[in-house]
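> Take a look at the letters that make up each chain.
Number of protein chains: 2
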Amino acid sequence: MAKFDSIAIIGVGLIGGSIGLTLRERNLVREVVGIGRRKHRLEVAQRAGAIDRGTTDLASGVAKSQLVVVCTPVELVADYVAQAAAACPMNAVITDAGSTKVAIVSAVDTVLAGRREGPRFIGSHPIAGDHRTGTEHARASLFEGRTVVVTPTDATPAGTLEQITHFWESLGARVTAMSAAEHDAALAATSHLPHLVAAALAAATPRELLPLTAGGWRDTTRVAGGDPQLWRPIFATNRSQVLSAIEQFEASLSALRNALEAKDDGQFEQLLLEAKRTRDALGD
Amino acid sequence: MAKFDSIAIIGVGLIGGSIGLTLRERNLVREVVGIGRRKHRLEVAQRAGAIDRGTTDLASGVAKSQLVVVCTPVELVADYVAQAAAACPMNAVITDAGSTKVAIVSAVDTVLAGRREGPRFIGSHPIAGDHRTGTEHARASLFEGRTVVVTPTDATPAGTLEQITHFWESLGARVTAMSAAEHDAALAATSHLPHLVAAALAAATPRELLPLTAGGWRDTTRVAGGDPQLWRPIFATNRSQVLSAIEQFEASLSALRNALEAKDDGQFEQLLLEAKRTRDALGD
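Those sequence lines, one after another, are chains A and B. Heads up, the first sequence stops at 283 in numbering that gives the first Met the number 0, and the numbers go up one at a time, no gaps. Heads up, the second sequence stops at 283 in numbering that gives the first Met the number 0, and the numbers go up one at a time, no gaps.
Chain A extracted, bound-state conformation (with noise of 0.2 Å):
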């Protein structure tokens, strides 16, 4: 790609921890700026080797990055993003990782409604999370061979899109376009409605029953560990896609629980063997 010179990082956890590790160790940046709220957490991150400095100071963090990355729990993304597009060179070009977007895209297109001119916003989400959250577990690997959705409207210029796709690909990624309310539609049934699920799963799970689980409790329930703080605004900010989710779920499980109850076991089994074939078509 067209290198940038130097590129900033609002929220340096799992997700811009790792960006900054792999756009360093890939060499494909001059300076990566970490900007966030906590000076401690700047310094773990500089010493991991994610970022080449740390701020507090978002004007100042973003003054001179061709590229500002807003990699913060969604519930502050837009906010960010205007603060950085006040900021930042005129040409510059935003993005985020968040993993809703029709209300962070809707959010910052009132902030920067009119402008003919200065930094571009397009939205992003790289589908490449993990239950554990923090600089700790960034990776310089985390977004080899996964899919990044990027959501541009039709006022994304084709040279902005056409950025922030190698940007991602630079990264490992591969970059798939779809508009923030097809991305937001899909996410409810492949990560919300998961996450969903497993915390059901886990809160049906009486505590006493725990030494009788194994291998199938412990991944089906896995997600259900993550942080309810990061994952409350998801789900506020998708909720009636959720909610159809959760219907088709519904309609699954009863179809199931209908042919147990009915002793329909050719049913049942032929219904558990189409599931297996979805889940076969992932791999392991």
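Treat the hints as calculated values from the structure; they're not laboratory data. Cβ coordinates follow ideal geometry from the N, Cα and C atoms, glycine included. Hints may contain errors.
Output of the computed footprint for chain B on chain A, the stretches with three or more beta carbons under 8 Å from beta carbons of chain B [claimed, not checked]: (1) 158 to 170; (2) 177 to 188; (3) 215 to 223; (4) 247 to 253; (5) 272 to 283.
Given the coordinates of chain A, work out where chain B should sit on it, guided by the hints.
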């Protein structure tokens, strides 16, 4: 433990093969006899070091065994126990590894009813599966630190319970005794429900969205890749307990859905937190 001279394993797949491997690696027995329907599978098990010799003739295979372990799919267990009881030494102990216990224990009770002499049966369930099956995934570490439930009845002599407890402990497992009914109710929640939920989630996911899945979907659906033919009889022999477990799950899911729908994000986060606490109590 009082070392067994000869142990027969009926069914040399993942569980049976792993029992054989562990017995032989730990030098716990003079001879492990593998019994199966297909000569080829027995040869594979022998080459893998899981058995000393194999035979398709059950009666001759168990003729000199002090312990017979039936490791077939659940729907075949009771019949094999009956065949083994008719052919093994009078002082032998027979156990199994089936995932449900009420159906097996009561079927065996019926067959062996009224006998005051002869081989003793006690149900076992090593909670140490894998979504992959077959001898090729067998390993000597499979039972290390895992729980094995044994299900003695009022008719089980104390000496038999002790023998079988020592047997599983010698393979590295922890042994817990409970009634077959308690076992089935617990496993409905800890194993059968997770399987059903994983299958429903996989089935509810449009195939074209698989590229937009990440670790969450992957983990939450993993067990849905299990063999439907093996799982069908597990569910069929634990129908009412599984239906109760589904009710528990649906109550938990409804609580989350209602909070989401009502935009009560505080309550929603609290429910996620309670689920996380149960999940975290298990560890990664």
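> Any hints this thing doesn't respect? Which numbers, in order?
Violated hint (a single one): 1; every other hint is consistent with the structure.
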